[in-house]
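Engineer: So you can see what is in the structure, the chains are spelled out below.
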Amino acid sequence: MYNFDFEKPGSVADAVAALGAEDAQALGGGQTLIPTLKQRLAQPSKLVSLKGIAEMQGVCTGDDGAICIGGATNHATVAAEAGAYPALAATAAHIGDPAVRNRGTIGGSLANNDPSACYPAAALGSGATIVTNTREIAADDYFQGMFTTALDEGEIITEVRFPVPEKANYQKFVQPASRFALVGVFVAKYADGVRVAITGASNDGVFRWAEAEATLSSNFSPDAIDGLSLSGDDMISDLHGTGDYRAHLCGVMTKRAVAAAA
Amino acid sequence: MPKDGGIGASSKRREDVRFLTGAGNYTDDINMHGQAYVHFLRSDIAHGTITNIDTSAAAGMPGVVRIFTSSDFEGVGGIPCGWQVTDKHGQPMQEPAHPILAQGKVRHVGEPIAAVVADSLAEARDAAEAIVVDIDELPAVVDMKAALQDGATKVHDDLDNNLCYDWGFVEENKDAVNKAFEDAAHVTSLELVNNRLVANPMEPRVAVGDYARGTDESTLYTTSQNPHVIRLLMGAFVLGIPEHKLRVVAPDVGGGFGTKIFHYQEEAFCTFAAKACNRPVKWTSSRTEAFISDAHGRDHVTKIELALDADNNFTAIRTETHANMGAYLSTFAPSVPTWLHGTLMAGNYKTPLIYVNVKAVFTNTVPVDAYRGAGRPEATFQLERVVDKAARELGVDPIALRRQNFITEFPYATPVAVEYDTGDYHGTMDKLEEMGDFEGFAARRAESEKNGKLRGLGVNCYIEACGIAPSNLVGQLGARAGLYESATVRVNATGGLVVMTGSHSHGQGHETSFAQVVAEMIGIDENMVEIVHGDTANTPMGMGTYGSRSIAVGGSAMVRATEKIINKAKKIASHLLEASEADIELKDGAFSVAGTDKSVAWGDVTLAAYVPHNYPLEDIEPGLEETAFYDPSNFTYPSGAYACEVEVDPDTGKVTIERFAAADDFGNIINPMIVTGQVHGGLAQGIGQALLENCAYDENGQLLSASYMDYAMPRADDLPMFDVDHSSQTPCTHNPLGVKGCGEAGAIGSPPAVVNAVVDALQSAGKDVTHIDMPLSPDRVWAAMNC
Ligand SMILES: Cc1cc2nc3c(=O)[nH]c(=O)nc-3n(C[C@H](O)[C@H](O)[C@H](O)COP(=O)(O)OP(=O)(O)OC[C@H]3O[C@@H](n4cnc5c(N)ncnc54)[C@H](O)[C@@H]3O)c2cc1C
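Sequences listed follow chains A and B, in order.
If you use the numbering used here, the first sequence corresponds to residues 7 to 268, in order.
If you use the numbering used here, the second sequence corresponds to residues 6 to 792, in order.
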């Protein structure tokens with residue numbers, strides 16, 4: 007780790023101001039950033055912790071019924087308190103291990119947009135709104151490829167709003183070493199249609215499987231997936247599985263998510 | 006009734022109190038006054054010529070004490086290899102120089118190029134980043150077979166090629182073996198990989214060097230399984246420090262699994278630099294460094310063939326193995342694929358003819374050496390896989406085929422140069438059949454199938470050879486060390502004992518089980534016995550702990566020393582009791598005169614030894630302290646039979662282990678609880694190898710699985726509840742305790758059971774799958790099912 011300054015502001019405004027310094031960086035739970043610093047792969051001049059900002063903490067229900075999660079809320083809190091959206095709470099409950107869940111935050115996860123992370127699938131699969139200190143971004147516009155998002159420099163995720171579906175489920179097939187998603191599929195059935203978001207598989211990060219969405223919107227049953235397939239060509243191919251294997255798992259996990267949706 | 010102390014009791018591990026309450030004293034807990042820290046600048050290139058190292062900018066950075074490169078080690082010996090293998094032509098193996106810091110070339114990712122000693126670790130790391138190293142990259146040699154082709158890039162320019170040795174065993178049998186294959190009624194052959202592993206002990210390696218200017222004495226604190234071996238190798242061959250000026254201390258060590266046997270550059274560096282800088286110098290490996298600098302394990306590519314006659318009797322075995330040595334020869338690397346592997350190729354079977362060929366190959370990868378089981382898991386895996394495959398080809402029950410070919414008469418001389426003293430292979434298999442409930446398997450399979458899963462049952466046997474010995478034999482085989490063990494038993498005046506053993510405990514529980522043995526022999530409470538190990542200053546020269554040798558060899562030395570103590574104590578007692586020595590009996594901690602009620606307590610005798618007022622000084626010396634060195638006449642041969650039941654999810658290829666039963670014969674058992682724990686740990690590692698662990702390099706020699714993000718360690722939820730039994734006991738005939746050793750069995754016996762089970766599951770669904778290379782990760786199993 008290289009030396010850096012540290013600040014822990016109490017408000018979003020102060021955090022935005024602190025992040026104005028050159029090479030300053032936001033710190034959520036540090037579950038991604040701190041290991042990166044330890045490896046000397048990043049050299050921020052200053053870390054601005056978001057954990058002291060009360061308005062960015064906690065889970066509540068909005069006027070429109072959406073579940074609203076503060077950007078600095080940790081995974082354990084979402085697992086425990088987002089019961090109104092069971093599939094979301096269950097997703098949070100299976101991220102990493104207890105230590106990771108007690109530190110890692112939803113804002114950090116979405117800002118990082120790891121191609122194998124779980125929350126991106128939940129957010130995209132739910133058509134969530136990512137609220138920042140300056141604007142509201144629809145999930146469909148937010149995820150822009152591996153580790154790439156619509157966030158501008160210094161922009162902070164203050165809240166994430168999840169409309170609650172009729173039914174939903176997240177199926178995570180774990181990569182044996184990291185236990186991130188080798189393939190994770192989030193399926194959500196809303197009154198106006200079904201959304202299917204897939205993480206872990208694509209070289210372009212989390213994506214929606216349009217064909218499956220269309221089919222499931224007219225027939226929300228596991229069998230509806232039979233015969234549908236994705237190409238493995240643009241999928242991640244590594245030590246843990248080829249693109250073709252991942253493409254195959256997308257179908258299997260989608261089917262299982264539909265079957266388990268509640 | 007279970008005993009509550011002594012031999013056979015499940016005494017609680019006394020060392021765990023300090024381990025579990027944070028009161029252990031590990032090497033990293035040792036901090037010396039004025040200590041400096043070293044950071045090694047390691048190569049991120051697998052193979053290349055170093056054209057320039059510029060340390061000038063780094064040298065001036067804050068906190069820097071001194072920067073070392075290979076030029077600082079002129080006249081200093083390289084890291085020695087402790088075993089010389091002679092090839093099939095009678096020629097010695099090719100043995101490259103192994104410098105402390107890279108000399109002229111880098112040969113694997115992770116090889117240290119320069120070392121920065123600074124006041125703090127952060128300053129050392131900062132300065133290391135300012136060192137400029139120019140390297141002309143060369144093609145990396147990664148694949149073993151390609152490495153042996155004519156014109157292949159050489160890892161070591163001064164060697165003839167990349168072949169360390171081409172070993173034939175037993176070379177004289179080769180023609181007879183080939184003939185047996187010509188005459189065979191059936192031949193089963195199988196090509197397989199024994200996957201490369203990273204040992205990953207919980208505690209990474211650490212070294213602290215210290216130098217006392219006043220007395221010219223060097224001390225090395227290190228995470229070692231064998232401090233005396235390190236002292237001998239480093240003192241005599243690397244740094245030229247006589248043993249009386251060199252102390253090596255291996256305090257609490259958090260797991261070794263083989264990878265802490267070897268003498269490493271970092272140890273020699275810290276010892277050397279402490280004198281050069283006149284400051285203690287400490288190195289603590291990061292986990293990242295551990296992946297690229299701890300010796301790796303396994304990495305064999307093998308073709309095995311089994312010949313059978315018309316009655317399904319095994320008539321011959323022929324194998325050809327390529328064994329990866331990595332870029333340099335680690336301390337015992339050459340012995341692993343040869344004498345620890347070829348000699349086990351008979352397994353539990355009376356195959357009359359065996360020929361083993363091993364080509365050891367240099368590659369641009371981390372050195373490979375012993376890892377839990379070392380050679381024996383590789384032998385067991387190929388043998389038990391090919392036997393299973395043969396049974397399937399012949400349509401016979403795999404257990405029946407094994408039973409038919411079991412060795413049943415002991416002692417048994419194998420065609421691969423070893424003699425099994427005892428064993429009861431039908432006995433362990435009977436036990437396994439009972440534990441495994443094989444009759445219930447069909448119903449369990451039907452139940453799995455109802456849930457859309459495939460179920461498979463895999464069985465295998467194993468034999469291992471522990472306590473490698475005797476020294477004069479291993480000397481002939483190429484060992485550059487003896488393989489005895491030592492113990493000094495020091496009785497204190499008030500009757501308590503301290504046993505100083507040359508073996509070392511790094512998780513095995515010696516402090517408990519060794520004390521049980523001595524307490525039983527004297528008939529006193531275990532808590533009166535303290536076991537001391539790990540410091541060359543207060544233990545007799547011993548060879549340390551590996552190869553499941555501690556109780557069989559170290560325990561035997563301790564028994565011999567304790568016998569000497571008892572003999573002398575009897576003399577003292579006979580004097581105190583005014584009786585003939587021949588009439589003195591020791592029982593429950595008291596000496597008595599046979600047939601009388603005269604007795605004297607253990608403590609009175611020990612006190613008399615040190616306060617010799619009423620004492621036969623003209624006949625015996627005062628004091629009660631004895632040392633014994635024990636050199637076994639043979640290996641010991643634990644054996645067993647294992648069964649694994651798996652479920653395979655045909656949609657994803659994911660394998661889950663539903664049941665695992667292990668029936669072992671370890672001979673006599675000192676502490677059943679500790680033995681069970683050793684088996685559990687071994688099974689976890691064996692299952693880890695079979696399902697999860699995969700140390701993989703790309704074609705450029707970059708380690709792909711260089712962290713826990715990609716290297717999958719077994720976790721509790723990957724494993725079933727184990728069903729472990731060691732009630733089958735055929736005591737070893739040639740050591741005083743009748744013990745055989747249990748440390749590696751689980752890791753040796755479990756991988757073939759897992760693979761056999763998965764193959765069984767896939768075949769039950771009509772898949773034409775005869776083998777899948779480990780680890781059987783979901784993608785591989787799925788690919789095998791869908792190719
Ligand atoms: C052992 C382990 C296992 C894990 N397993 C999983 C898993 O199974 N599934 C999974 O999805 N994830 C997993 N993770 C990742 C984990 O969920 C992290 O919490 C997450 O990736 C990052 O969140 P964080 O709060 O720790 O962010 P940090 O590490 O603090 O920051 C990450 C990045 O986000 C930025 N950032 C942080 N907060 C905000 C914000 N509010 N607004 C804008 N930018 C912000 C930071 O500047 C940084 O660039 C695992 C991590 C570990 C260490």
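Simulated from the structure, these hints should not be mistaken for lab results.
Among the hints, a few may not be true.
[To be verified] No farther apart than 20 Å at their CA atoms in a straight line, the calculated lysine to aspartate or glutamate pairs in the DMTMM-like style are these: (1) A:K44 with B:E128; (2) A:K44 with B:E294; (3) A:K44 with B:D33; (4) A:K44 with B:E310; (5) B:K659 with A:E28; (6) B:K93 with B:D221; (7) A:K44 with B:D49; (8) A:K195 with A:D229; (9) A:K44 with B:D715; (10) B:K659 with B:E623; (11) B:K573 with B:E525; (12) B:K458 with A:E28; (13) A:K52 with A:E28; (14) B:K659 with B:E525; (15) B:K458 with A:D244; (16) B:K17 with B:E310; (17) B:K575 with B:E525; (18) B:K659 with A:D244; (19) B:K455 with B:E444; (20) B:K159 with B:E704; (21) B:K455 with A:D244; (22) A:K195 with A:E161; (23) B:K772 with B:E454; (24) B:K150 with B:D221; (25) B:K569 with B:D540; (26) B:K184 with B:E310; (27) B:K575 with B:E586; (28) B:K569 with B:D656; (29) B:K280 with B:E196; (30) B:K17 with B:E531; (31) B:K576 with B:E535.
Just so it is clear, the structure is predicted and the values come from calculations on it, not from any experiment.
Engineer: Holds or violated: K44 (chain A) with E128 (chain B), Cα cutoff 20 Å?
Structural biologist: It holds: about 14 Å lies between the C-alpha atoms, which stays within 20 Å.
Engineer: Check the hint pairing K659 (chain B) with E623 (chain B) against an upper bound of 20 Å on the C-alpha distance.
Structural biologist: violated (76 Å)
Engineer: For the pair we were handed, K150 (chain B) and D221 (chain B), check the Cα-Cα distance against 20 Å.
Structural biologist: Violated, at about 49 Å.
Engineer: Tell me if the straight-line CA distance from K159 (chain B) to E704 (chain B) falls inside 20 Å.
Structural biologist: holds (15 Å)
Engineer: Please verify whether K455 (chain B) and E444 (chain B) have alpha carbons no more than 20 Å apart.
Structural biologist: holds (19 Å)
Engineer: Taking only the CA atoms, is the gap from K195 (chain A) to D229 (chain A) under or equal to 20 Å?
Structural biologist: holds (16 Å)
Engineer: Need the status of pair K573 (chain B), E525 (chain B): alpha-carbon distance at most 20 Å?
Structural biologist: Given pair K573 (chain B), E525 (chain B) holds - Cα atoms ~17 Å apart, limit 20 Å.
Engineer: Holds or violated: K17 (chain B) with E531 (chain B), Cα cutoff 20 Å?
Structural biologist: At roughly 11 Å apart (the allowed maximum being 20 Å), E531 (chain B) and K17 (chain B) satisfy the hint.
Engineer: Can you confirm whether the C-alpha distance between K575 (chain B) and E525 (chain B) stays at or below 20 Å?
Structural biologist: holds (16 Å)
Engineer: Take the C-alpha atoms of K184 (chain B) and E310 (chain B), compute the straight-line distance between them, and say whether it is at most 20 Å.
Structural biologist: Holds - the C-alpha atoms of E310 (chain B) and K184 (chain B) are around 13 Å apart, at most 20 Å.
Engineer: Take a quick look at whether K280 (chain B) and E196 (chain B) sit within 20 Å of each other, Cα to Cα.
Structural biologist: Given that 20 Å is the threshold and the Cα spacing comes to 51 Å, the pair is violated.
Engineer: Do the alpha carbons of K44 (chain A) and D715 (chain B) lie within 20 Å of each other, as the hint requires?
Structural biologist: Since the Cα atoms of K44 (chain A) and D715 (chain B) sit roughly 18 Å apart, the hinted pair holds (cutoff 20 Å).
When held up to the earlier numbered hints, the structure conflicts with 4, 5, 6, 10, 12, 14, 15, 16, 21, 22, 24, 25, 28, 29 and 31 and fits the remainder.
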